[in-house]
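Engineer: These are the residues of each chain, in order.
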Amino acid sequence: NTKITQSPRYLILGRANKSLECEQHLGHNAMYWYKQSAEKPPELMFLYNLKQLIRNETVPSRFIPECPDSSKLLLHISAVDPEDSAVYFCASSLGQGAGNTLYFGEGSRLIVV
Amino acid sequence: GDSVIQMQGQVTLSENDFLFINCTYSTTGYPTLFWYVQYSGEGPQLLLQVTTANNKGSSRGFEATYDKGTTSFHLQKTSVQEIDSAVYYCAMDDSGYNKLTFGKGTVLLVSP
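Just so you know, the sequences run in chain order A and B. Residue 1 is where the first sequence starts when you use the numbering used here, and the numbers rise one by one after that. Residue 1001 is where the second sequence starts when you use the numbering used here, and the numbers rise one by one after that.
Please note: incorrect hints may appear among the correct ones.
[Said to hold, decoys possible] Reference excerpt, derived from the structure (chain A facing chain B, CB under 10 Å, subset only):
1. ILE4
2. GLN6
3. TYR32
4. LYS40
5. PRO42
6. SER61
7. PHE63
8. SER85
9. ALA86
10. VAL87
11. ALA91
12. GLY99
13. GLY105
I should point out that these hints are in silico values taken from the structure, not numbers from a laboratory. Virtual Cβ for every residue (Gly too), placed ideally from N, Cα, C.
Given the sequences, and given the hints that come with them, work out the whole structure.
Structural biologist: Below, the structure written as C-alpha cells:
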C-alpha cells in the first residue's frame, strides 16, 4: 500500500527520543496509530479526525502524537522502554464513524535495545 | 468486556483444500464484523466486512456470515491457494470510531 507511507520502516534505539512519521495520499480525514507487539494483534493507540485528537487509548505519556495537517501524523516517543518494541502502524479512513474502512500503512518496526 | 476469539493459532493446508477459520465475538453492542489479512512485512488489509446481522460478506473467494444467534463470524474458502498464506484476523468494531478489537490471529500456511 503505497498510499500510506511511513518512515522510518525500521528503527533500533537505546533509551532515546525518536519520531515516527506517516503521510496518507487518500484524502482521508481520520488517522490512527495502532501498535502491534510480537505475535499479538494490533491495538489502537490514538485517533485523530480533522486534525483533532479524538481518542487516546490510555497510552503511556512518553508517546505524544501530533497531526500537523489532515494528511500527516507523527508519533513522538521519548525515553523508549523495551516494552515499546513493536510495529507501529499508521492507518486512515475517510471518516471516523462505523463503516469507514480502515487502510493501514506498512508499519514502522521499533526495536529497543 | 468486548472480545474476539480465534481458537486456531495455525492452520496448515494443501492447495485446493477447504478453509475454515473459527471466530466468535462477545459484546453488548451492535458491532460491525471484519476479517483482515496480514501478509508478512505488511500492514493488515481488509478482506471483508459485514455490518448487519445475518448478512454474508465475500471477497476473493472468501466468505463469512454474521450470525448473531451464535455470535460467530467464521471465515471459509472452498479452495485455498499458496498465495493465501498469511495471518487472518477476525475483528469487530462497536465503538463507532474504528477502534477495532482483533482476535489473536490465525496463521494460514498453504503448501503447493
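Engineer: All the hints need checking, so say for each whether the structure fits it.
Structural biologist: Here's how the hints hold up against the structure:
no.	hint	result
1	ILE4	holds, 8 Å
2	GLN6	holds, 9 Å
3	TYR32	holds, 7 Å
4	LYS40	holds, 7 Å
5	PRO42	holds, 6 Å
6	SER61	violated, 20 Å
7	PHE63	violated, 17 Å
8	SER85	violated, 17 Å
9	ALA86	violated, 13 Å
10	VAL87	holds, 8 Å
11	ALA91	holds, 7 Å
12	GLY99	holds, 6 Å
13	GLY105	holds, 5 Å
Consistency note: the structure conflicts with the earlier hints numbered 6, 7, 8 and 9.
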